[in-house]
Amino acid sequence: MLKRADWYDLARDTNWTPRYVTTEELFPPQMSDTFGLAPAAWESYDEPYKTTYREYVSVQREKDAGAYSVKAALSRMKFCEQADPGWLSTLKAHYGAIAAQEYAAGMAEARMARFGKAPGMRNMATFGMLDELRHGQIQLYFPHEFVAQDRQFEWAHRAMHTNEWAAIAARHLFADLMNGRDAVSIAIMLTFAFESGFTNMQFLGLAADAAEAGDFSFSNLISSIQTDEARHAQIGAPALKILLENGFQAEAQKRVDIAFWRSWRLFSVLTGPIMDYYTPLARRESSFKEFMEEWIVGQFDRSIRDLGLDRPWYWDIFLEELNETHHGMHLGVWYWRPTVWWNPAAGASTPDRDWLEQKYPGWNDTWGRCWDVITENLRNGREDLTFPETLPVICNMSNLPILGAPGSKWGCRNYPLEYKGRRYNFGSEPDRWIFQQEPERYAGHMTLVDRFVAGLVQPPTLAGALAYMGLAPEECGQDAHGYRWAFADEPSLKKAI
Amino acid sequence: MAALPIVSNFESDFVLQLVEIDSDDSMDTVASKCAHHSIGRRVAPRPGTILRVRLPDAEAPLPREQTAAGAGIAPMDTVEIFFEPIVSEA
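As they're listed, the protein sequences go chains A and B.
Residues in the first sequence are numbered consecutively from 1, following our numbering.
Residues in the second sequence are numbered consecutively from 498, following our numbering.
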């Protein structure tokens, strides 16, 4: 048997010039490379992480043995019954938003595996495809354990097959970043921007909180998943290097700018509430903003500039949003809780609010003012006023509510646009800018609110909207703790749920 | 006299909301319909004020008795609802 060192450098770079079809037929630009680089440009592609199939199988087998054995050991502990309801909501939100999209990422890796012009990209993406198949399957298998006890866990599989609003937002994002792009754009937008930037937040930052919360099965799982990510996320950087060397800096920058902002918005609604509100207070490692500053503002910013790219033009807007946006996403998800498949934890008890004020000075004078009214309503027996009677207006790019800091700041504003006689609403300047880069790509899509206004949701009531979103009454989100947090200051008041 | 969906940006609230008004509604009525979805839910009432309506980036509010149609408010236009202190006549 040949030693790896004897054959690897030759095999990893094996390529050929087609003779029976043209290069363009073999690699249609729309699937392969919409930048228009010459095939020879890809000859210098050098992936930083190199592995063989034999090694891959061996290493992955070890990882799976580790993940599944920890799960099996902890399954006897009846974790679902003992865990904090806010933590269970974290799991439900994570699995529903992520599991099926991992599978979709497998299709995006497959596109790079087939249509990447660089052999190194094709090889690494083949392993990336296997990684994502693993991630999809394992993140369906783990929550499946709980389906018999709690039907919201079934949304780990179902979410992406419904028109629930967060599922629409996730599908829009990932269709834009990966499933509707050419191989080179996928390398930049999925592997470089989304994976090497943001997924560390969800999978490592959250793993820290999970370990703190005592959920070693989940912590171990997502840490294991992230070791795969750390490998296949490296597909994009060498592709960026080649684009910059061949004069495509502006085009590459634009792809990064689009993917970074869109990824940020998803994380503001998924990871932000989880870290700052659902994770039990005593178990929070760091605030969402602190995690973002470590992983994104610190590390990812450096990696962008090391490659020779600029910080995205909206960097100051992004830094300001770190203080506010996820608080709004959380308040929105909580207030519109019947529309989600998990039970949001309010995270607004007095001790919670003290922590929030410490981490986000001014929180009580802005977000706290809204929670004051909500808390007062619950104490006065007006639960009805803590439920919505209309829809929020959502962004035609992110498909998330258009929001801003409330109370003394009143920072909410619309960023509208008229295009071919139709009105579009956006939640930020960058969201609107993204639309303007390629209007025809996005113009045909209708948000849930567009559909409602156009009469596509029948009956045009909240009940009709819930049915349109595929949420059965028993699945609709409720406050994770039965409003007990609102009464924590008043032990004489008892609330029977 | 036509149903008109608009976008409400209510002072001290955190999110834009879809509100159904009528094209013949006065600005006072528009403000009231928007207030239903904000005041007492996430915005505390403010005694000693009335609610006014203005278009985004406008200097002045729209006249209270003006209708939505008269103000040229089109479907899915954004309106800002804000608190104006009542000035005593004394």
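In short, the hints are calculated from the structure, not lab data.
Please note that a few of the clues may not be correct.
In silico negatives: residues of chain A with every beta carbon more than 10 Å from chain B [as the list claims (entries may be wrong)]:
1. M107
2. E389
3. I402
4. C412
5. Q436
6. Q478
Cross-link-like lysine to any residue pairs, in silico, SDA-like; alpha carbons within 25 Å at most [what the hints assert, rightly or not]:
7. B:K530 x A:K3
8. A:K409 x B:A499
9. B:K530 x A:R451
10. A:K420 x B:K530
11. A:K241 x A:D310
12. A:K3 x A:G66
13. B:K530 x A:D310
Examples of chain B residues lying across from chain A (beta carbon under 8 Å, computed) [claimed, not checked]:
14. L501
15. V512
16. T526
17. R539
18. L552
19. F580
20. P582
21. I583
Quick reminder that beta carbons are idealized off the backbone N, C-alpha and C, glycines included.
Evaluated hints:
{"no.": "1", "hint": "M107", "result": "holds (34 Å)"}
{"no.": "2", "hint": "E389", "result": "violated (6 Å)"}
{"no.": "3", "hint": "I402", "result": "violated (4 Å)"}
{"no.": "4", "hint": "C412", "result": "violated (6 Å)"}
{"no.": "5", "hint": "Q436", "result": "holds (19 Å)"}
{"no.": "6", "hint": "Q478", "result": "holds (18 Å)"}
{"no.": "7", "hint": "B:K530 x A:K3", "result": "violated (76 Å)"}
{"no.": "8", "hint": "A:K409 x B:A499", "result": "violated (34 Å)"}
{"no.": "9", "hint": "B:K530 x A:R451", "result": "holds (22 Å)"}
{"no.": "10", "hint": "A:K420 x B:K530", "result": "violated (31 Å)"}
{"no.": "11", "hint": "A:K241 x A:D310", "result": "holds (13 Å)"}
{"no.": "12", "hint": "A:K3 x A:G66", "result": "violated (28 Å)"}
{"no.": "13", "hint": "B:K530 x A:D310", "result": "violated (47 Å)"}
{"no.": "14", "hint": "L501", "result": "violated (11 Å)"}
{"no.": "15", "hint": "V512", "result": "holds (4 Å)"}
{"no.": "16", "hint": "T526", "result": "violated (16 Å)"}
{"no.": "17", "hint": "R539", "result": "holds (4 Å)"}
{"no.": "18", "hint": "L552", "result": "violated (11 Å)"}
{"no.": "19", "hint": "F580", "result": "violated (10 Å)"}
{"no.": "20", "hint": "P582", "result": "violated (16 Å)"}
{"no.": "21", "hint": "I583", "result": "violated (20 Å)"}
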